[in-house]
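There are 2 protein chains.
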Amino acid sequence: MSENPYASGAAFTQDGFVPIADAKISILDWGFTRSDVTYDVVHVFGGSFFRLADHLDRFATSMAKRRIAPPQSRAEMEAILHKVVALTGLRDSYVAMLALRGRPRVGGSRRPADCDNHFIAYALPWIDVMTPEVQERGGHLWIASTPRFPDASFDPTVKNYMWGDLTSGLLEAHDNGFDTAVLCDAEGFVTEGPGFNVFIVKDGTVLTPDRGSLGGITRRSVLDLCEAEGIPSGIAPITRAMLEDADEVFTATTAGGVMPISRLNHRILGNDRPGPMSARLKALYWQRHREGWHGTPVDYSLSA
Amino acid sequence: MSENPYASGAAFTQDGFVPIADAKISILDWGFTRSDVTYDVVHVFGGSFFRLADHLDRFATSMAKRRIAPPQSRAEMEAILHKVVALTGLRDSYVAMLALRGRPRVGGSRRPADCDNHFIAYALPWIDVMTPEVQERGGHLWIASTPRFPDASFDPTVKNYMWGDLTSGLLEAHDNGFDTAVLCDAEGFVTEGPGFNVFIVKDGTVLTPDRGSLGGITRRSVLDLCEAEGIPSGIAPITRAMLEDADEVFTATTAGGVMPISRLNHRILGNDRPGPMSARLKALYWQRHREGWHGTPVDYSLSA
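Chains as they are written, first to last, in my numbering: chain A, 1 to 304; chain B, 1 to 304.
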């Protein structure tokens with residue numbers, strides 16, 4: 001059998017379909033030089049996309065808010081997403097879609113409206129934000145001193161690569177021997193971490209922040225599961241004090257699902273292990289996946 | 001004579017020295033996917049770099065603050081900058097140096113410390129942030145409603161590509177028929193615009209904001225010129241009201257130098273033309289260039 005050149009990942013770029021190692025952008029693309037790009041990430045589990053329509057909806061909203069309009073229709077983007085996964089042959093995959101500002105078609109222009117926007121997609125082997133070992137013992141979460149960028153400066157529901165504040169928080173976390181970080185805003189309200197939403201559990205109620213956060217699809221799935229199970233839950237202002245006083249804390253992201261936290265700064269939560277509600281929601285989240293919940297089978301015939 | 005393949009720009013990337021059209025980065029580089037990159041821009045005027053040592057100093061500070069350490073020494077970076085200009089043969093050039101986080105050398109790592117940082121440099125034909133025609137009539141500057149990212153979330157003296165707030169301001173400006181924008185912070189203090197510092201002139205005194213701004217090299221040059229000419233000047237808090245009430249407004253950036261403003265929102269400044277102090281400082285700035293002020297001759301022998 002010949003080796004599949006797309007085994008470690010496949011991409012669609014301005015060069016067409018290419019192995020991930022060849023997937024590149026110009027160093028002059030404003031998607032890079034102005035971080036003028038929005039993106040989304042959907043995962044494939046057991047050969048099916050999870051909540052693909054929801055991801056495409058969010059991506060469309062993000063593009064509209066930033067006025068980035070690649071030439072592909074939604075149906076064409078969707079077909080490209082199927083094809084990048086099909087090329088890899090992966091049954092579990094991390095799949096990204098990006099819309100970049102591109103470069104001005106008018107020489108010397110500094111106007112976003114003069115740029116040729118473009119679409120990129122790629123599929124990689126499954127990625128966990130926290131390794132399975134860390135998820136088993138529970139993540140160690142550092143409450144960073146760096147305040148999250150305020151919603152007024154940039155709408156946090158537009159998924160973006162402007163991670164400067166999150167990276168600062170991550171560096172702080174690692175300096176202190178922690179796995180990852182959560183940021184509060186300047187007013188002391190909990191927001192999110194680098195690549196994930198945060199939840200607290202207090203007296204049986206599951207809450208997630210109402211500000212400074214992406215409208216995560218995994219976050220929505222958790223709230224859906226709570227509703228289906230009759231677990232009180234909601235989106236609410238969460239102060240740093242509420243976080244520190246929580247019975248349980250967990251994070252939620254496409255690249256990892258529900259990931260329990262066992263340490264919060266120097267406080268050990270529960271028994272230094274994932275709490276019961278976090279473990280229950282994590283188990284439910286993956287059980288529903290195995291049942292085909294919100295699944296769209298990948299069209300693997302596109303690899304031909 | 002054969003055409004120089006570097007005529008429209010030359011770059012140094014992980015692929016070595018390449019024509020600008022071939023200068024690319026991986027779509028997985030954290031310099032892109034986390035905007036985890038810092039950079040600097042120096043210009044070449046009449047065959048000499050302007051304040052090269054100051055740009056390299058600032059770049060070194062930015063890299064240290066973000067803990068990005070490419071393998072090249074400062075002397076090696078400097079030699080690369082000379083070489084990219086030499087390859088183009090340009091006597092007037094826009095020259096950028098970038099330090100990117102790169103990609104993790106450990107599969108699946110999410111830790112910035114696990115990444116192989118790298119250095120990119122490129123030289124392009126001279127770029128003006130405002131076209132010569134706009135500079136002649138004076139730029140039309142829009143005071144944007146989007147607040148600048150706060151200094152506490154990201155140190156604005158670290159030159160960066162996280163332009164989401166600036167791009168929002170620029171879109172607002174263009175929607176209103178203006179050339180470019182200036183942003184205030186959430187407290188109503190003037191900061192900077194997309195790629196330039198801002199100055200006001202009031203009763204003969206020249207002032208530039210003390211916050212939310214890059215420590216611009218052109219800004220410093222303007223302050224140096226003021227000092228040499230005995231013009232009162234300084235770095236101070238500037239409210240939006242002070243900006244609106246200014247006698248003159250001008251901007252300052254490497255890619256354009258001193259650029260006068262003739263309209264500020266719907267207020268026409270002076271005679272709808274560059275003000276006398278702005279015009280004087282602009283003329284002085286370029287006169288000093290012609291005299292070799294802070295110049296470092298490019299080593300064009302490196303093109304061989």
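Mixed in with the good hints, there may be bad ones.
Short derived list, chain A residues pointing at chain B, Cβ under 8 Å [as the list claims (entries may be wrong)]: (1) 27; (2) 110; (3) 122; (4) 129; (5) 146; (6) 157; (7) 205.
Just so you have them, the derived chain B footprint on chain A, three or more residues with Cβ under 8 Å [as the list claims (entries may be wrong)]: (8) 165-176; (9) 209-218.
It should be emphasised that the hints constitute simulated quantities derived from the structure, not laboratory data.
Since the model is a prediction, treat every value here as computed from it, not as a measurement.
Note that beta-carbon positions come from the ideal geometry of N, C-alpha and C, so glycine has one too.
Hint check:
1. 27: OK, holds: residue 27 (chain A) within 8 Å of chain B, min 5 Å.
2. 110: holds (6 Å)
3. 122: holds (7 Å)
4. 129: holds (6 Å)
5. 146: holds (6 Å)
6. 157: violated (13 Å)
7. 205: violated (30 Å)
8. 165-176: holds (count 7)
9. 209-218: violated (count 0)
Hints 6, 7 and 9 from the list above are not met by this structure, while the remaining hints are.
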